[in-house]
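Top line first, the protein sequences correspond to chains F and V.
Throughout the first sequence, residue numbering follows my numbering, covering 39 to 346 in sequence.
Throughout the second sequence, residue numbering follows my numbering, covering 39 to 346 in sequence.
It is possible that part of the hints are untrue.
Stated by the list, open to error - So the derived list for chain F, only partly shown, Cβ under 8 Å to chain V, looks like this:
hint	residue
1	H82
2	D130
3	L137
If you are wondering where the hints come from, they were derived from the structure by calculation, not from laboratory data.
Just so it is clear, the structure is predicted and the values come from calculations on it, not from any experiment.
Glycine included, C-beta positions come from ideal geometry on N, C-alpha and C.
Protein chains: 2
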Amino acid sequence: MKVVVLSGGVGGARFLRGLVDVVDPADVTVIGNVGDDVEVLGLHVSPDLDSILYALTGLADEERGWGRADETWHALGTVEALGGESWFRLGDRDLGLHLVRSRALAEGASLSAITRRLASALGLEIDLVPATDDRLRTHLVTPAGRFAFQEWFVARGHRDEVDAVEYDGAESALPAPRVLDALGGADAIVIAPSNPFVSIGPILAVREIRDALAARNVPAVAVSPLIGGRAVKGPADRMLARLAGGTTPHQVTQCYKGLIDALVVDEADAADAEGLSVQAIVTRTLMTDAAARRRLAEAALEVAGTPA
Amino acid sequence: MKVVVLSGGVGGARFLRGLVDVVDPADVTVIGNVGDDVEVLGLHVSPDLDSILYALTGLADEERGWGRADETWHALGTVEALGGESWFRLGDRDLGLHLVRSRALAEGASLSAITRRLASALGLEIDLVPATDDRLRTHLVTPAGRFAFQEWFVARGHRDEVDAVEYDGAESALPAPRVLDALGGADAIVIAPSNPFVSIGPILAVREIRDALAARNVPAVAVSPLIGGRAVKGPADRMLARLAGGTTPHQVTQCYKGLIDALVVDEADAADAEGLSVQAIVTRTLMTDAAARRRLAEAALEVAGTPA
Numbered sequence: 039m040k041v042v043v044l045s046g047g048v049g050g051a052r053f054l055r056g057l058v059d060v061v062d063p064a065d066v067t068v069i070g071n072v073g074d075d076v077e078v079l080g081l082h083v084s085p086d087l088d089s090i091l092y093a094l095t096g097l098a099d100e101e102r103g104w105g106r107a108d109e110t111w112h113a114l115g116t117v118e119a120l121g122g123e124s125w126f127r128l129g130d131r132d133l134g135l136h137l138v139r140s141r142a143l144a145e146g147a148s149l150s151a152i153t154r155r156l157a158s159a160l161g162l163e164i165d166l167v168p169a170t171d172d173r174l175r176t177h178l179v180t181p182a183g184r185f186a187f188q189e190w191f192v193a194r195g196h197r198d199e200v201d202a203v204e205y206d207g208a209e210s211a212l213p214a215p216r217v218l219d220a221l222g223g224a225d226a227i228v229i230a231p232s233n234p235f236v237s238i239g240p241i242l243a244v245r246e247i248r249d250a251l252a253a254r255n256v257p258a259v260a261v262s263p264l265i266g267g268r269a270v271k272g273p274a275d276r277m278l279a280r281l282a283g284g285t286t287p288h289q290v291t292q293c294y295k296g297l298i299d300a301l302v303v304d305e306a307d308a309a310d311a312e313g314l315s316v317q318a319i320v321t322r323t324l325m326t327d328a329a330a331r332r333r334l335a336e337a338a339l340e341v342a343g344t345p346a
Numbered sequence: 039m040k041v042v043v044l045s046g047g048v049g050g051a052r053f054l055r056g057l058v059d060v061v062d063p064a065d066v067t068v069i070g071n072v073g074d075d076v077e078v079l080g081l082h083v084s085p086d087l088d089s090i091l092y093a094l095t096g097l098a099d100e101e102r103g104w105g106r107a108d109e110t111w112h113a114l115g116t117v118e119a120l121g122g123e124s125w126f127r128l129g130d131r132d133l134g135l136h137l138v139r140s141r142a143l144a145e146g147a148s149l150s151a152i153t154r155r156l157a158s159a160l161g162l163e164i165d166l167v168p169a170t171d172d173r174l175r176t177h178l179v180t181p182a183g184r185f186a187f188q189e190w191f192v193a194r195g196h197r198d199e200v201d202a203v204e205y206d207g208a209e210s211a212l213p214a215p216r217v218l219d220a221l222g223g224a225d226a227i228v229i230a231p232s233n234p235f236v237s238i239g240p241i242l243a244v245r246e247i248r249d250a251l252a253a254r255n256v257p258a259v260a261v262s263p264l265i266g267g268r269a270v271k272g273p274a275d276r277m278l279a280r281l282a283g284g285t286t287p288h289q290v291t292q293c294y295k296g297l298i299d300a301l302v303v304d305e306a307d308a309a310d311a312e313g314l315s316v317q318a319i320v321t322r323t324l325m326t327d328a329a330a331r332r333r334l335a336e337a338a339l340e341v342a343g344t345p346a
């Protein structure tokens, strides 16, 4: 069964680790968010793509929740000592990847081509494709001003309430190669438990991707990133409350209106899922270990009539 | 007493450590070689400037002889694993400097401006100035082909005999700011014990620098990089033999014809210095420790009539 997953970074990456226990990784295509890509020290950093890459090749730091395991920070220490740009935490091992990617981009490679090359070198078994090779950047409109995603998220610690989310470049962005083919050939489409606004939103802001989802012939399911109306991590709940008017399964569904047939919700949100406009699939969604991740993947795939 | 030193990398850096024990570092200007600068992974690396920077701020790895002490190689490990450009050994701590410099250059800073900024951040007390802010790159013509300096030196381990040395960009290169002023205001000019062809040659290939040296009103002295006709390290002896016809003080002097008034030679070369066209200053030149470095600096400054 061929599965296409729309995914942000950390939460999505964790979900994918469960998914590849349930379906053949060779049958999984991940369309990754690039709205939070950022240039740091002249390097192109794709945090969400890298979170997936690292998580699925055993390189991720599980405790820290981002970046690589067994990481050191010597280069950044020098940068700091020299008064350079050091707000974005780039570890040494991580840096090597950004150097290789940035070099390839500078030499004219597309983001999807270099992503494929990096994935292949690290032995990634799924197909990881950025949503677009074009420049698409998430910006947040807040009472304190308009910020690029990482400026808001990292530099300002996402403390500013968000009044609007804008995807610069989206109107002209085209899906990267393989994205539409993967969606067209999928048996099921899954939206990972990622932030609907800043992780999945940028992907759906690419018109042809959104259109392909809207015109799908196969079931699509989203996994809610909320447990008991709260985000496990990050600002998803605050954003849903302010931008969608609440933090129940209804508001999550609203974010994906016309694009999903089912929503996986946590047991803690089951009561709030009553009367949902799509099928509610209730399970425990906290991905505490391999078994929990696998259970969540199985629940999501129920929508395709294929419990593993 | 104001001293201007023309210097390559490691040998020059070692000489400078002795010099700043003998004269006030605030009175020392170093005109550094940029002919072996190289772009690696899209980063601008200035090995000779950095060797001096690290050596005089206590950051250099004394045992390895290049790069920074307490270094790690994690970024390069990733680059290697990803099939990126890994032939040039960039350590993690070192990398941070290249990132900051490359960013500044990309933003339009001159090499001399960013060098000054880096030097200031690291507390360098001497004034370190690249010979030129223009692109000037040493190339070696060898039986195996024509190679950029680092390709010949690092990638090919300087195994190819050199038939000619060419300084690409030299014809249009201008001295960096402060270079001519420093030369004009110097009480003595010293050519460090560096390779005449690939360390000092690129500096002298900048016409206005060479002209300023030729027109000097103050004594100039070179320190021979040879001991007993052999280079302490590197290919200087092989190059002198092949390109200048020998490895005695006469050939070293010939490299600096019209530009020096004295040559500091090692005791082992004293006999070969007979009949030299410039004053020969004989001492022990191997810089084994601080005392030896200091002694060599004092010998070099004898030419200015100012034994410390």
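Each hint tested on the structure:
no.: 1; hint: H82; in the structure: 10 Å, violated
no.: 2; hint: D130; in the structure: 4 Å, holds
no.: 3; hint: L137; in the structure: 5 Å, holds
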